[in-house]
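Got chain A; can you put chain B on it based on the hints?
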Amino acid sequence: MDLAFTKEEQAFREEVRTFFRGNVPPDTRRKLVEGRHLSKDEMVTWWRILNKKGWGTSHWPTQYGGTGWSSVQHYIFNEELQSYPAPQPLAFGVSMVGPVIYTFGNEEQKKKYLPRIANVDDWWCQGFSEPGSGSDLASLKTKAERKGHKWIINGQKTWTTLAQHADMIFCLCRTDNNAKKQMGISFIVFSMKSKGVTVRPIQTIDGGVEVNEVFFDDVEVPIENLIGEENKGWDYAKFLLGNERTGIARVGVSKERLRRIRDLASKVESGGKPIIQDATFREKLAACEIELKALELTQLRVVADEGKHGKGKPNPASSVLKIKGSEIQQTTTELLMEVIGPFAAPYDVHGDDGSNEAMDWTAQIAPSYFNNRKVSIYGGSNEIQRNIIAKAVLGL
Amino acid sequence: MDFDLNEEQRLLKDSIDGLLTDSYDFESRKKYMKEKGGWSQAVWGKLAEQGLLGLPFSEADGGFGGGGVETMIVMEALGKALVLEPYLATVVIGGGFLRHAGSDAQKAAHVPGIIDGSKTLAFAQLEKNSRYDLFDVTTTAKKKGDGWVIDGEKFVVLNGENAETLVVTARTKGDRRDKSGIGVFLVPASAKGVTKKSYPTQDGLHAADITFTGVEVGADAALGNPDDSLALIERVVDEARVALCAEAVGLMDESLKTTVEYIKTRKQFGVAIGSFQSLQHRASDMFVAAEQARSMSMFATMAGDFEDAKERSNAIAAAKVQIGKSLKYVGQQAIQLHGGIGMTMEAKIGHYFKRLTMIENSFGDTDYHQRRVADGGGLI
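Protein chains in written order, with our numbering: chain A, 6 to 401; chain B, 33 to 412.
Chain A on its own, in the form it takes in the complex (with noise of 0.2 Å):
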């Protein structure tokens, strides 16, 4: 057992600090640490940085342009990139989609997408969920109907992020009504432009637009944009659910925002004198630390076993990761919220435009609070999760 680091290790740190340091884009970074949403234009920005770089698509396998790191290196580099803090990159496209084409796509489908996915070319959205199909996602109804040459789709997706930049969407439609729910499932990739899908913007508690709600009517795919094999579906998308267990814990997000908590505590006054002076306040702080660094090393151990025996059978401790992971990101911006105090009320009529330079340093608080409320309940929501380890791990 040894916590430290190599010293390759420890250079490569320093190699991903120095590259980000350099090259994202000052504004992008401040509106993160703000809490604010990102234009289309600065995300896509940024990735192409870096996608140029080589570390687009850093876990894929490397003949389709993965870098070939150690399981502790993509590690130091997710921590670095969450708590820097920059854009990750697209999850729908590089850490989902990506990995589905190139493990279980046709030749042509790999050349066809994977470079457009890597430079964000093509920006993918997940058509998973529906109105009736959330932790029960097997029951979904969206169905696709095989004619002549094509597939022509009807039904409705919900919850899909950034569906309103989205240029493809991969999506889980019935295939076959008479087998068993999980069996009658297939993974067909489309055109968010094509004729007859509808997307329909839904603003959240927080004021922001992130999800949307898909309508598809008699959408025409043609029929080589299956993935796979006819009513697998299912089992890519657990393929698909499976990849960047260890991504989900976001320990570097959290890093990040307890810096600005201290940050911001150092400078708010309560009592008549700063907020982190207050020995309650300073003990919450401390408990919230301890409990992301008991997830960090969680985390470690999760990265290390990977390391050793490939990929398979996950670590047990996997499990704790998106439970722990989201109760700490919710943690976090309950201590920012506690910070400012009555200075969380005022809300930003301009959103995130930055043209109300005045309420920049409180603006996103309440708004980032509660937006964290998602992050229990997106992913498989903690519940499930609880499910998950009682059935996987204890069975019970």
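The set of hints was computed from the structure by calculation and includes no laboratory data. Just so you know, these numbers come straight off a predicted model, no measurement behind them. Hints are supplied without guarantee of correctness; some may be wrong.
[What the hints assert, rightly or not] Simulated crosslink set (SDA-like; lysine to any residue; CA at most 25 Å straight-line):
id: 1; chain 1: A; residue 1: 379; chain 2: A; residue 2: 166
id: 2; chain 1: B; residue 1: 296; chain 2: B; residue 2: 404
id: 3; chain 1: A; residue 1: 289; chain 2: B; residue 2: 174
id: 4; chain 1: A; residue 1: 396; chain 2: B; residue 2: 303
id: 5; chain 1: A; residue 1: 289; chain 2: B; residue 2: 163
id: 6; chain 1: B; residue 1: 174; chain 2: B; residue 2: 257
id: 7; chain 1: A; residue 1: 12; chain 2: B; residue 2: 338
id: 8; chain 1: A; residue 1: 396; chain 2: B; residue 2: 285
id: 9; chain 1: B; residue 1: 289; chain 2: A; residue 2: 271
id: 10; chain 1: B; residue 1: 296; chain 2: A; residue 2: 392
id: 11; chain 1: A; residue 1: 289; chain 2: B; residue 2: 408
id: 12; chain 1: A; residue 1: 278; chain 2: B; residue 2: 408
id: 13; chain 1: A; residue 1: 12; chain 2: B; residue 2: 174
id: 14; chain 1: B; residue 1: 342; chain 2: A; residue 2: 392
id: 15; chain 1: A; residue 1: 289; chain 2: A; residue 2: 276
id: 16; chain 1: A; residue 1: 289; chain 2: B; residue 2: 403
id: 17; chain 1: A; residue 1: 272; chain 2: B; residue 2: 404
id: 18; chain 1: B; residue 1: 360; chain 2: A; residue 2: 392
id: 19; chain 1: B; residue 1: 342; chain 2: A; residue 2: 42
id: 20; chain 1: A; residue 1: 272; chain 2: B; residue 2: 174
id: 21; chain 1: A; residue 1: 379; chain 2: B; residue 2: 313
id: 22; chain 1: A; residue 1: 12; chain 2: B; residue 2: 337
id: 23; chain 1: B; residue 1: 360; chain 2: A; residue 2: 261
id: 24; chain 1: B; residue 1: 342; chain 2: A; residue 2: 108
[To be verified] Pair by pair, the computed Cβ-Cβ distance ranges are:
id: 25; chain 1: B; residue 1: 49; chain 2: A; residue 2: 282; range: 47 to 55 Å
id: 26; chain 1: B; residue 1: 39; chain 2: A; residue 2: 59; range: 52 to 60 Å
id: 27; chain 1: A; residue 1: 276; chain 2: B; residue 2: 208; range: 27 to 35 Å
id: 28; chain 1: A; residue 1: 279; chain 2: B; residue 2: 342; range: 16 to 24 Å
Positions of the beta carbon are idealized from the N, C-alpha and C atoms, including for glycine.
Same frame as chain A, now just chain B:
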């Protein structure tokens, strides 16, 4: 970065797990409790035979040169089996003082007896009003000729009833809460002026309140610098905290395992109660708490080697907080999920709960260590 045990460490783990599986089921433990002093001389002898009592001592001192990870392995196993024998008091704490500060003569006088199992030690530190502050010492050691005269009262001294040698913290200079002027002394339990009031503890161990009245010891009784040993005490107590974290992880593992087995077999309303989601989620949260505790126990073990004393203490304090929170959750929910049977002395789960509970209040509770981390500027 590596969280795996090496080959030798794996062998060590197998060997102690094997020994305890053979000799430490719950029924045997009940018998050991009734033996003199409340633990088994025979089991202690077996630990000695396997070299476990000499584990952390250097090879020059007749030991095996084991480090923090080796102690972690042993403590986790002792926790899992709910062992009564005084490993913490004798090997970790008593042995720790000798390793870090013992002169060659002091080591020669005490270490061989520890390693062969013929001698046990106890740490007489807690005072009526000192609570968790190691520097809060009113017991005095006054110079007399070449030696010292010790006066004062110490409380809840684990293994105080049986130990041949007491490791006593005493003030040679200054006032009650001064950080300097504190020494550590090796005092034979049989010395004139030592009186003991012994009793069992809530978790089935044995302790004593010990009064020192004009106890005379020689110049060779002082370990390290008799006027300035707080750093030594903090170091050894930090090692004890790390050991307790590992013991707690073993206790939590076994508590969770026992509870999950129970809810799989206990039937109500015609089904195993483990099929109910409210219980499944509780068990899942116990698992999360136990895993977070394991991570911090490993962290504390590795932090034991940090050069910087402040960084080391901060990390160990953080670990003790996580362990304290986790053990409370796992312990309480283990009883809850067992239902009525968990309330009985007959079921083993309650005994795990009691040991876990006592660990929280040993060498600083959750609030105490959380305050230390907070006042130390945090962890990030």
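Tell me if the straight-line CA distance from residue 289/B to residue 271/A falls inside 25 Å. violated, 45 Å
Pairwise beta carbon distance, residue 279/A to residue 342/B, judged against the given window 16 to 24 Å: At 23 Å between Cβs, range holds.
Given the hint that residue 360/B pairs with residue 261/A, test it: the Cα-Cα distance must not exceed 25 Å. violated, 30 Å
Between residue 49/B and residue 282/A, does the beta-carbon spacing fit 47 to 55 Å? holds, 49 Å
Can the restraint linking residue 296/B and residue 392/A be considered satisfied, given a maximum Cα separation of 25 Å? holds, 15 Å
Mind checking the hinted window 52 to 60 Å against the Cβ distance between residue 39/B and residue 59/A? violated, 38 Å
Does the structure keep residue 342/B and residue 42/A at a Cα separation of 25 Å or less? Measuring from Cα to Cα gives roughly 40 Å; hence the hint is violated.
Do the alpha carbons of residue 12/A and residue 337/B lie within 25 Å of each other, as the hint requires? Holds, because 19 Å separates the two Cα atoms, which is no more than 25 Å.
So if I understand the rule, the pair passes when the alpha-carbon distance is 25 Å or less; does residue 289/A with residue 174/B pass? violated, 44 Å
Take a quick look at whether residue 289/A and residue 408/B sit within 25 Å of each other, Cα to Cα. holds, 14 Å
Would you mind confirming whether the straight-line C-alpha gap from residue 342/B to residue 392/A stays at or under 25 Å? violated, 41 Å
Taking the Cβ atom of residue 276/A and the Cβ atom of residue 208/B, is their distance within the range 27 to 35 Å? About 31 Å separates the Cβ atoms of residue 276/A and residue 208/B, which means 27 to 35 Å holds.
The earlier numbered hints that this structure contradicts are 2, 3, 9, 13, 14, 19, 20, 23, 24, 26.
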